[in-house]
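Undergrad: Each chain, written out:
Number of protein chains: 2
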Amino acid sequence: MRTTPNVSVDVVLLSLHQGKLQVALHRRARGPFQDCLALPGGYVHVDKDGSIEATAYRVLKQKTGLQPRYLEQLRTFAGPQRDPRGWSVAISHVALMPYEELRQAGDEVFHFHDVDGLPDLAFDHAEQIREAVRRVCNKASYSTLPCWLLPELFTLTQLQRTYEQIFGETVSRSTFRSRLGIKVAEAHPGESADQADILLATDQFQGGSQRPARLFRVNQLSLFKRACW
Amino acid sequence: MRTTPNVSVDVVLLSLHQGKLQVALHRRARGPFQDCLALPGGYVHVDKDGSIEATAYRVLKQKTGLQPRYLEQLRTFAGPQRDPRGWSVAISHVALMPYEELRQAGDEVFHFHDVDGLPDLAFDHAEQIREAVRRVCNKASYSTLPCWLLPELFTLTQLQRTYEQIFGETVSRSTFRSRLGIKVAEAHPGESADQADILLATDQFQGGSQRPARLFRVNQLSLFKRACW
Numbered sequence: 001m002r003t004t005p006n007v008s009v010d011v012v013l014l015s016l017h018q019g020k021l022q023v024a025l026h027r028r029a030r031g032p033f034q035d036c037l038a039l040p041g042g043y044v045h046v047d048k049d050g051s052i053e054a055t056a057y058r059v060l061k062q063k064t065g066l067q068p069r070y071l072e073q074l075r076t077f078a079g080p081q082r083d084p085r086g087w088s089v090a091i092s093h094v095a096l097m098p099y100e101e102l103r104q105a106g107d108e109v110f111h112f113h114d115v116d117g118l119p120d121l122a123f124d125h126a127e128q129i130r131e132a133v134r135r136v137c138n139k140a141s142y143s144t145l146p147c148w149l150l151p152e153l154f155t156l157t158q159l160q161r162t163y164e165q166i167f168g169e170t171v172s173r174s175t176f177r178s179r180l181g182i183k184v185a186e187a188h189p190g191e192s193a194d195q196a197d198i199l200l201a202t203d204q205f206q207g208g209s210q211r212p213a214r215l216f217r218v219n220q221l222s223l224f225k226r227a228c229w
Numbered sequence: 001m002r003t004t005p006n007v008s009v010d011v012v013l014l015s016l017h018q019g020k021l022q023v024a025l026h027r028r029a030r031g032p033f034q035d036c037l038a039l040p041g042g043y044v045h046v047d048k049d050g051s052i053e054a055t056a057y058r059v060l061k062q063k064t065g066l067q068p069r070y071l072e073q074l075r076t077f078a079g080p081q082r083d084p085r086g087w088s089v090a091i092s093h094v095a096l097m098p099y100e101e102l103r104q105a106g107d108e109v110f111h112f113h114d115v116d117g118l119p120d121l122a123f124d125h126a127e128q129i130r131e132a133v134r135r136v137c138n139k140a141s142y143s144t145l146p147c148w149l150l151p152e153l154f155t156l157t158q159l160q161r162t163y164e165q166i167f168g169e170t171v172s173r174s175t176f177r178s179r180l181g182i183k184v185a186e187a188h189p190g191e192s193a194d195q196a197d198i199l200l201a202t203d204q205f206q207g208g209s210q211r212p213a214r215l216f217r218v219n220q221l222s223l224f225k226r227a228c229w
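The listed protein sequences correspond, in order, to chains A and B. Here the first sequence is numbered in the UniProt record's numbering, starting from 1 and rising by one per residue. Here the second sequence is numbered in the UniProt record's numbering, starting from 1 and rising by one per residue.
Note that these hints are calculated values from the structure, not bench results. All residues carry an ideal CB built from backbone N, CA and C; glycine is no exception. Please note: incorrect hints may appear among the correct ones.
[Said to hold, decoys possible] Beta-carbon label-pair distances, calculated as ranges: (1) G168(B) with P212(A): 40 to 50 Å; (2) Q206(A) with G31(B): 27 to 37 Å; (3) E127(A) with D116(B): 49 to 59 Å; (4) Y70(B) with G19(A): 50 to 60 Å; (5) S178(A) with N138(B): 21 to 31 Å; (6) R130(A) with N138(B): 20 to 30 Å.
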């Protein structure tokens, strides 16, 4: 009998398409949970993985061909019941990618499913997805996390739509910008120190000749609202 | 060569004493890191642990004799470098206990140290403690988490001192109560539905005959402030 648990990494890879958060799932070819939909996941390889994030990136690359720019640890799901093969530890991660980059990968095996109304999934993957969606919504309320669902350069209107789709709520342009602490809507590059903390204005524009919209990039995973104490 | 990582649980057990957050540490009798201060921790026992929380409680009971009422998973620290014995996974937890209950346990081996100014610790335990303290401070800003640092029944003044010590900031009585959404300072049991969500007033009092203070208990781990979106 094994005396140490199996250790794997699962990744909840989320994207935003047609106004809905979607998650990457594949159909398991082998048991346990044969033919069930499941998250990409795999065992830690102690001979080659330099870190747990390296395991997550290796598994994603092997199973989906995708390399998301944003990945963080979610929580570890562990116990004797979650896998019929015995005591197991799944270090769950959440990753975000723009839908445009998924299409470029031209993946054949993984498909993206709306996170609402999923069928039965393998293992505790449904619970992992629920927790990942909660994490993204919570972090979106005080950080630039949703930027990772957009291409590297985006307009403020695209960013607003992304926040609105995550929260299921529309807001006015001015409300949105004040919540993000964006004081100068059409700021020139480097103009505002406040703004530079969150978004960096580029000198590129999108759109036609009438009202081209400035493109921004995220500076870093910024917290734009401190805890209210 | 092992093909699967060692899996252990570490617990950052915090208490509040003399206005400072303190952490339970013991001096390691054996290598690696012999004679270094370290968190209580131990391997998962696949033959007897029914869950990862059960592992954490078993380890704490064996190593410290303590059974905190509040325990949650913090994050998993994993990789080939953190333990000289090889690739390892430490599922870190944070636990909170009132200092009064620690003294009752009469522990001889574990001692509590201020989280500021710790000496070098074994493994990545210093990082685990920093992250646990951040987690407690963050959660304190929007939840009743600090109640777990108090006895089961407490006065509102005791609760205010606890929040103030965590944040290193004093506030007026009225500011504190409005931040917690406590609208009726000396509420009778069951008087306010708002209040019942967070704290339950008991019919017990503390103090002398002049101005006895009503005792409260926490209803649950309540969120008293929603994200600001």
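Undergrad: Hints first: check each against the structure and report whether it holds.
TA: Hint check:
A hinted range of 40 to 50 Å holds for the C-beta pair G168(B) and P212(A), which are about 48 Å apart. About 60 Å separates the C-beta atoms of Q206(A) and G31(B), a value inconsistent with the hinted range of 27 to 37 Å. The given range of 49 to 59 Å is broken by E127(A) and D116(B), whose C-beta atoms sit roughly 37 Å from each other. For Y70(B) paired with G19(A), a C-beta distance near 39 Å fails the hint of 50 to 60 Å.
In this structure, S178(A) and N138(B) meet the distance hint of 21 to 31 Å, their C-beta atoms being roughly 24 Å apart. Distance hint check: the CB atoms of R130(A) and N138(B) are about 21 Å apart, consistent with the given range 20 to 30 Å.
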